[in-house]
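In order, the protein sequences belong to chains V and Z.
Sequential numbering from 1 applies to the first sequence in this note's numbering.
Sequential numbering from 1 applies to the second sequence in this note's numbering.
Because the hints were derived from the structure by calculation, they are not lab data.
Certain hints may be false.
[What the hints assert, rightly or not] What follows is a list of derived Cβ distance ranges for each label pair:
(1) K125/V x T222/Z: 28 to 38 Å
(2) L85/V x Q314/Z: 29 to 39 Å
(3) S111/V x G52/Z: 23 to 33 Å
Treat the numbers as computed from the prediction; the structure is a model and nothing was measured.
We put the beta carbon where it would ideally sit given N, CA and C, even for glycine.
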Amino acid sequence: MYKLMLVDSDAERATSLEQALQTAGYQQIIRLATSQHLLAAVRTHQPDIILIDMQSPDRDTLESLNNVNRETPKPIVFFAQQSDLETTRAAINAGVSAYIVDDLPSKRLQSVLEVAIARFQEHQKLKNELEEYKTRLSDRKDVDKAKGILMQHRQLSEEEAYQLLRKMAMDRNMKIGEAARNFIAAMALLGGSLP
Amino acid sequence: MKTALRIGFLPLTDCAILIAAQERGFFEKQGLQVELQREVSWANIRDRVAFGELDAAHMLAPMPLAATLGIDGLGIPMQTAVSLGLNGSAITLSNNLMASIHKQFPEYLQSTPLRATGLKALQTQTLKRRLVLGCVYPFSQHYYLLRAWLQDGGFDLATEIDIRIMPPSHMVQALEAGHIDGFCAGEPWNQIAVQTGMGCVAATSYDLIHNGPDKVLGVTNTWAAAHPDTHLALVSAVLEAAIWLDDARNRLLFAETLAKPQYLDVPLLSLCAPLQGYYRYALEEPERYVPDFHVFARYAANVPWQSHGEYFLQCMQAAGQWHVPIEQAREALAPVYRVDLYREAAQSLGLAYPLKDALPAGEYNAPWVLQEASQKIAMGALTQVLK
Numbered sequence: 001m002y003k004l005m006l007v008d009s010d011a012e013r014a015t016s017l018e019q020a021l022q023t024a025g026y027q028q029i030i031r032l033a034t035s036q037h038l039l040a041a042v043r044t045h046q047p048d049i050i051l052i053d054m055q056s057p058d059r060d061t062l063e064s065l066n067n068v069n070r071e072t073p074k075p076i077v078f079f080a081q082q083s084d085l086e087t088t089r090a091a092i093n094a095g096v097s098a099y100i101v102d103d104l105p106s107k108r109l110q111s112v113l114e115v116a117i118a119r120f121q122e123h124q125k126l127k128n129e130l131e132e133y134k135t136r137l138s139d140r141k142d143v144d145k146a147k148g149i150l151m152q153h154r155q156l157s158e159e160e161a162y163q164l165l166r167k168m169a170m171d172r173n174m175k176i177g178e179a180a181r182n183f184i185a186a187m188a189l190l191g192g193s194l195p
Numbered sequence: 001m002k003t004a005l006r007i008g009f010l011p012l013t014d015c016a017i018l019i020a021a022q023e024r025g026f027f028e029k030q031g032l033q034v035e036l037q038r039e040v041s042w043a044n045i046r047d048r049v050a051f052g053e054l055d056a057a058h059m060l061a062p063m064p065l066a067a068t069l070g071i072d073g074l075g076i077p078m079q080t081a082v083s084l085g086l087n088g089s090a091i092t093l094s095n096n097l098m099a100s101i102h103k104q105f106p107e108y109l110q111s112t113p114l115r116a117t118g119l120k121a122l123q124t125q126t127l128k129r130r131l132v133l134g135c136v137y138p139f140s141q142h143y144y145l146l147r148a149w150l151q152d153g154g155f156d157l158a159t160e161i162d163i164r165i166m167p168p169s170h171m172v173q174a175l176e177a178g179h180i181d182g183f184c185a186g187e188p189w190n191q192i193a194v195q196t197g198m199g200c201v202a203a204t205s206y207d208l209i210h211n212g213p214d215k216v217l218g219v220t221n222t223w224a225a226a227h228p229d230t231h232l233a234l235v236s237a238v239l240e241a242a243i244w245l246d247d248a249r250n251r252l253l254f255a256e257t258l259a260k261p262q263y264l265d266v267p268l269l270s271l272c273a274p275l276q277g278y279y280r281y282a283l284e285e286p287e288r289y290v291p292d293f294h295v296f297a298r299y300a301a302n303v304p305w306q307s308h309g310e311y312f313l314q315c316m317q318a319a320g321q322w323h324v325p326i327e328q329a330r331e332a333l334a335p336v337y338r339v340d341l342y343r344e345a346a347q348s349l350g351l352a353y354p355l356k357d358a359l360p361a362g363e364y365n366a367p368w369v370l371q372e373a374s375q376k377i378a379m380g381a382l383t384q385v386l387k
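Chain V extracted, bound-state conformation:
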């Protein structure tokens, strides 16, 4: 059975990927959180496939095993040579990269990569949703603040203030939160008293 090494500092993502790989039939999985001792770990465990998060700065180190360090037990080949371009592109988009020993059947890698891509994408989606939620929350706060300034300075009702802000955003091709922030910043510059 093939031995996999998973280098990812995001524990949550690594756990979900590990489970998915186990479900796919890969029982031998070594997980590294930090890549401090990456080379030593590769020498000790001699994995067949290494999956690594592209945010890890240690990809250059890993690739050099092939090029510089002659005493390494196994040559490492960058996955792009052994998988199709679409899969490679999808992996790079998802932020995961893979290295394999050069006598591995490419079908094997393909299946591992597909599982990894799916998990990385899912993780990214969750992260984006959280980001979006946070932005929406802060947008609401800023819109309220901008409305308050407008209501005070121009004696508008809340609804009128909101419509004015919305129009400003549309005219400038901006999101309303962004328009509100710009407006607040401009008012601060003019020395307008903020509520």
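Assemble chain Z onto chain V, guided by the hints.
Same frame as chain V, now just chain Z:
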């Protein structure tokens, strides 16, 4: 014309031209909306450019050539039409090693640039072990310079040296932890090692080769063919930014921008002096004046000379990365080093440009003038100090 671009960079002082092009509006002036994307590894830069996630990127000078020769693991052909400057890196040794050389072999310290002969004497007579040196990437001027410097000192690279590849930002930490004895990397990491008392600079890249290549702006051949007008605009913006940044007054101003969290995220102090040409080799020594430590535009620094490619072919061959006779690889150089496109951009901006694709043969050990150019160009020495 494609106008919205994503350009990748690694946080190093020599990416300054790209940041200046963004912050001073040179991209905008050419009609480009650029998003600069900070990356953590050269492998990421290669992959993201190769698969079109990035339009272009700050690359180590030999990377487009390695990609075109098919020896970079991916083999998706790349090219450069503009170099991002000359010199700018150094070899740093741990304070312990340097102190031991001072104590035991002071006779080796009486010439400059410092040769690796003192280090070799220390290794053979005292340490009696392999030295471990950090370097940034196998296809880099840093790797080739480090090899040349060690070989000049009498080291057998196969048995006496272990070159460990790691990102530049990890070097100082690795030195502090004792995982490496020294390293070769770009700024600000050598100055940070010196300023934090972890290391001493043995030699700068300028000390070893005057005005050698360092970084380039790379794109894929596919991208260049699909977006010729964008490519030209991009090269033009970079050229204007480079000229702006070569002015000492602008460098002083710009260091503050460069140090910001979204760019290099390092102490301002580690950037300022080298940008002004003042370079500290050791904490207890005064700064030395190395006015050409960073060359951004003068000396035709942005020309993607084919002679740089010829030099890198030799380096790759010496390092065992390339096994085909150089004569057979020469024809690969023209598509990688796009002097033609450089010329077009320079001409449109009214700047001087060379008429030939390669530097003229000959020895240039002092400032000289390039005659074969649209207007004569003042050049710096091209001395190869290591023979």
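message: Looking only at beta-carbon atoms, does the pair K125/V, T222/Z fall within the given range of 28 to 38 Å?
response: 29 Å Cβ-Cβ, so the 28 to 38 Å window holds.
query: Should the hint that L85/V and Q314/Z are 29 to 39 Å apart at their CB atoms be regarded as holding?
result: Between L85/V and Q314/Z, where Cβ atoms are some 32 Å apart, the hint holds.
- prompt: When you take the CB atoms of S111/V and G52/Z, is the distance between them in 23 to 33 Å?
  reply: holds, 25 Å
Hint compliance for this structure: no hint is broken.
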